[in-house]
Each structure stands twice: as C-alpha cells, then as structure tokens.
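Visitor: Listed below, chain by chain, are the residues.
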Amino acid sequence: RKEVEQDPGPFNVPEGATVAFNCTYSNSASQSFFWYRQDCRKEPKLLMSVYSSGNEDGRFTAQLNRASQYISLLIRDSKLSDSATYLCVVNIGGTYKYIFGTGTRLKVLA
Amino acid sequence: GAVVSQHPSRVICKSGTSVKIECRSLDFQATTMFWYRQFPKQSLMLMATSNEGSKATYEQGVEKDKFLINHASLTLSTLTVTSAHPEDSSFYICSARKGAGGELFFGEGSRLTVL
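Note that the protein sequences, when read in sequence, are chains G and H.
In terms of the numbering used here, the first sequence has 36 at position 36, counting the first letter as 1, and numbering is strictly consecutive.
Count along the second sequence from 1, then add 110; that gives the number in the numbering used here.
Hints may contain errors.
27 Å max Cα-Cα, derived BS3-like pairs, lysine-lysine [unchecked claim]:
#, chain 1, residue 1, chain 2, residue 2
1, G, Lys-42, H, Lys-151
2, H, Lys-130, H, Lys-151
3, G, Lys-42, H, Lys-208
4, G, Lys-97, H, Lys-124
5, H, Lys-208, H, Lys-174
6, G, Lys-2, H, Lys-130
7, G, Lys-107, H, Lys-151
8, H, Lys-174, G, Lys-97
9, H, Lys-208, G, Lys-79
No lab work stands behind these hints: they were computed from the structure.
With the sequences and hints as input, model every part of the structure.
Guide: See below:
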C-alpha cells in the first residue's frame, strides 16, 4: 500500500460544477498536509495548507480527518483554468520527509 | 512570499557531457533542499535530500556518483548530472522548505534533453 494515495482520475467536469478529491495517508505520524497544483510541464505550486479545523480559500475548501487518515479538497464553481493535476503532500512529523501522492488530474470542460 | 529559483530552465546537451542545475532560495535560508525528477505523465520522484554543509541523502536506486549534489551555502544547492545519457532526459525540479514541517516551495524546474 502506498503511503499517500490519490485517485489519478481524470475527473472531467463541466464548468461551474463542484468537484471533490480525497487523499488517504497511512503514516499516523503525519503532521502537516498540503494541496499543490501542477500544470503540464510546470513545477508544483502550493494551493493551500490543510489545517485541523479545515480551511477555505475562495472556491477551495480543504478538510483533514485524522481519525480516518485522509484529507480532501473541494472546488466549487469550477473554472476552465482549474484544469490541472492536484497533488496531495504529507509531511511526517519531526522529520524532513515529505510524501507525495501521484496526483489527481482534473479537466474542466466548457 | 518565499521564492525558489532554478536555473537553467531548459538545457540540451550531447551524450557524455555533464550538466549542472542550480537551485536557490531567494528570500530565506534553506538548510534542506530536495531534488526530484519527473517523467511525462508521471508523478514526482524524490532523488535526494540536499543538506547544507554535509553529504546529500540519496533515495534508493539513485546513483550518487551520477547525480552529484552540492549544498555549499544556505541558499544554494546544485545538481550535476555527470556523463549524461539520453535516458537521463527528464524534468528536474528542486524544492526547499521554510522551517520544519512547513510547505515546500518549488523551483521552476529544468528540462534536460540529452541527444
């Protein structure tokens, strides 16, 4: 079993739709959680950190469920420009170790 | 916000030559930097962890004599691909973190093509 797992997709959704991705992690020592966005042939860019109480940034909402060991990302009112690969990244507490999910590919269709 | 800069963004070289890629943290000190490679439509693969003032830690299967890493200062790490071959053609990306457990900031990536 991979340490961090994501559904690779692709998720094809129409503009304006709401879409949600999950990411599960297996290491209970995981302490910090992040969602990154990666466009084709570009570097990953931080979308948002994920806090224990959940957090929202505009159309994006991130949630953390420590009991079930997963994080989620919700995108409301999808835009064409949201088309990208979304990477889940987990930091193991007290270490420099960051574990990457394989990414979930999103395509927003006109 | 913090910025990590990587150079060059694109390099084409002949087989057998060596290529150096630089990764700089521009507005913070990074004692630890990370190097990855990514093949088309695949996920990032961690190659090594670069530690300022000490030897890099390489992931299993990554040849340390082929991928030389030097982290000579708190703001600069370099990756040298020695005696490059066509199979080394890939997208190489560095990252640095700002503080323990903090988010990673990525360089723009370097696309290496070995002819």
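Visitor: Hint by hint, say whether it matches the structure.
Guide: Comparing the hints with the structure gives:
1. G:Lys-42 x H:Lys-151: holds (12 Å)
2. H:Lys-130 x H:Lys-151: Holds: H:Lys-130 and H:Lys-151 sit about 24 Å apart, inside 27 Å.
3. G:Lys-42 x H:Lys-208: holds (21 Å)
4. G:Lys-97 x H:Lys-124: It is violated: about 34 Å lies between the C-alpha atoms, which goes past 27 Å.
5. H:Lys-208 x H:Lys-174: holds (26 Å)
6. G:Lys-2 x H:Lys-130: Between G:Lys-2 and H:Lys-130 the Cα gap is close to 32 Å, so the pair fails against 27 Å, i.e. violated.
7. G:Lys-107 x H:Lys-151: holds (14 Å)
8. H:Lys-174 x G:Lys-97: holds (19 Å)
9. H:Lys-208 x G:Lys-79: violated (31 Å)
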